[in-house]
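Mapping the sequence shown onto the numbering used here, position 244 (from 1) lands on 244, and the numbers just tick up by one.
FYI, nobody ran anything at the bench for these hints, they're computed from the structure. Think of the CB as a built atom: it goes at the ideal place given N, C-alpha and C, for glycine as much as any other residue. Keep in mind that the hints are not guaranteed to be accurate.
Stated by the list, open to error - Simulated restraints, written as ranges between beta carbons of each label pair:
id	residue 1	residue 2	range
1	Thr351	Lys481	15 to 21 Å
2	Asp215	Asp273	33 to 39 Å
3	Val480	Gly183	51 to 57 Å
4	Arg103	Arg154	31 to 37 Å
5	Val209	Arg459	20 to 26 Å
6	His430	Trp37	42 to 48 Å
7	Pro468	Leu445	36 to 42 Å
8	Thr213	Asp337	19 to 25 Å
9	Asp252	Leu229	37 to 43 Å
10	Ser41	Asp161	28 to 34 Å
11	Leu445	Ser105	30 to 36 Å
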Amino acid sequence: MGTGGRILFRAAVPLVLLACLAACTDRVTFSSDADLWLEFSDDTVSLDTVFTQTGSPTGAFMIYNRNDRALKVDVMLAGGADSPFRINVDGESGTQMNNLELRASDSLFCFLSVNIAASDSDTPILVEDSVCFLLESGNRQTVHLMAFGQDVIRLYGAVADSDMNLTSARPYLIFDSLFIADGAVLNIAAGARLFFHDGAWLGGDGRIVADGTCDSMIVMRGDRLDNLLTDIPYDLSAGRWGGVILNAGSYDNLLRGCDIHGGRWGVLADTSDVQLQKVLIDGCIIHNVEGNALELNHCRSVVSNSQISNAGQHCVSLLGGNNSFDFCTIANFYPWDVHESALFISNLADTTLFPMSLADFSNCIITGNSSDEVSGIVRDSVSGMEPAQFCNYSIRHSLVLVSDTTDEHMTDCVWDRKPHDVYGAANFIHVAKGDFRYDFRLDSLSMARGIAPSSATSRFDITGLPRPETQADAGCYQYVKP
């Protein structure tokens, strides 16, 4: 070896020694000390209720090694391969994984899901298992898992071409649509639960008779049972399914005691003969939709004792027709985007006039978080485009948020605005104070209290509470002292 080679060799030796020392330093010793244990973020993890034969959303909990020494652990489901649960730890999934490494003061996620077999049961069935953790010391620890499986009746692109009955015994999971053919009647019993997959809708040319009660409401909602955010369920968001459509040839529809929420729209009624009743809506909640919550296009309807709230467009949109509203809460505090007025009234669509024989609102609340919650386009003629007198439009004995308080067609009304100390959202118990939850029952100081006369046709509020013979509260909720 020449002189230059010897110099290079001597220089390389320290580098090799340093590399060896680094490798030795990085070597981890795993302890089998019986005094060392794991800790967990939860001792029980519940996936709540899931539909049978449908994979659940993913749940998770944390595994902590709070010791100053590394540990090796085997992780397994107590139920083994027969367990309805599946776990994923450190990128490995299945029912068992061995020799997982947990460095000192380190942690791992344990993700889990469940798929529950059908059991032909009307009531939810509880399934349970445990995730077991076995350390090299022989120490054994567990985290309990639980979920409820609900059997459902699945309908795929269903068509009711003759009379069809939906009961309350078991929920319905609807894909694509549930279409009611001309001449058919869809009867929906009190307490029935209809879950709609993304984009699915209900309606058609036939007739809907949904006859719920205040104690046993019919629920129509999206099918997502998990959370959008940590503490915000998908059920509190809009656009989860389509909505209800009443086609032009559909008449004598009844929506009583229905809770319709979370859709792209609420109830949409197509143009039809105003001499025939299109729909009677009583004691319903239509809430939190991307478009119009209740859209009535040149038809005849009666709406009473109902909450129509939070729409990306209008809570109530009227195009001509003959429509009356009594003791309704029409409130737009839509949280997901910019929205329009709570109430929109028009007799003009493009260049076509639609006669408005009646648009009457009595004993109602019409409010929101805009400066004017009543808007409209009403014309005498297409050519002149001059505003018409609202001769067939009236709001009486109601709490109304409008900028123009001189409108002669609004009589015996209370204006929901300053200088009142209580106005807008303050009229109600709870309006989305950061949690996307709404309670439109009246606050004790609400300006809607005592401003409505007695009603022979609405003697009880939406919850079944009797209204006083005089000076009832406007809106669908009669105030109840806590």
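Cβ-Cβ distance between Leu445 and Ser105: within 30 to 36 Å?
54 Å, violated
Could you check the hint for me, namely that Ser41 and Asp161 are 28 to 34 Å apart, CB to CB?
Given a distance of about 53 Å, which is not inside 28 to 34 Å, the answer is violated.
Should the hint that Pro468 and Leu445 are 36 to 42 Å apart at their CB atoms be regarded as holding?
18 Å, violated
Taking the beta carbons of His430 and Trp37, is their distance inside 42 to 48 Å?
About 43 Å separates the Cβ atoms of His430 and Trp37, which means 42 to 48 Å holds.
Quick one: are Thr213 and Asp337 within 19 to 25 Å, going by C-beta?
34 Å, violated
Range first: 15 to 21 Å. Now tell me if the beta carbons of Thr351 and Lys481 are that far apart.
53 Å, violated
Using the beta carbons of Arg103 and Arg154, state whether their distance is inside 31 to 37 Å or not.
Check failed, 47 Å falls outside 31 to 37 Å.
Using the Cβ atoms, figure out if Val209 sits within 20 to 26 Å of Arg459.
23 Å, holds
Asp215 paired with Asp273, Cβ distance criterion 33 to 39 Å:
35 Å, holds
Determine whether the Cβ-Cβ distance between Asp252 and Leu229 falls within the hinted range of 37 to 43 Å.
42 Å, holds
Can you tell me whether the CB distance of Val480 to Gly183 sits inside 51 to 57 Å?
44 Å, violated
Consistency with the previously given hints fails for numbers 1, 3, 4, 7, 8, 10 and 11, ordered from lowest to highest.
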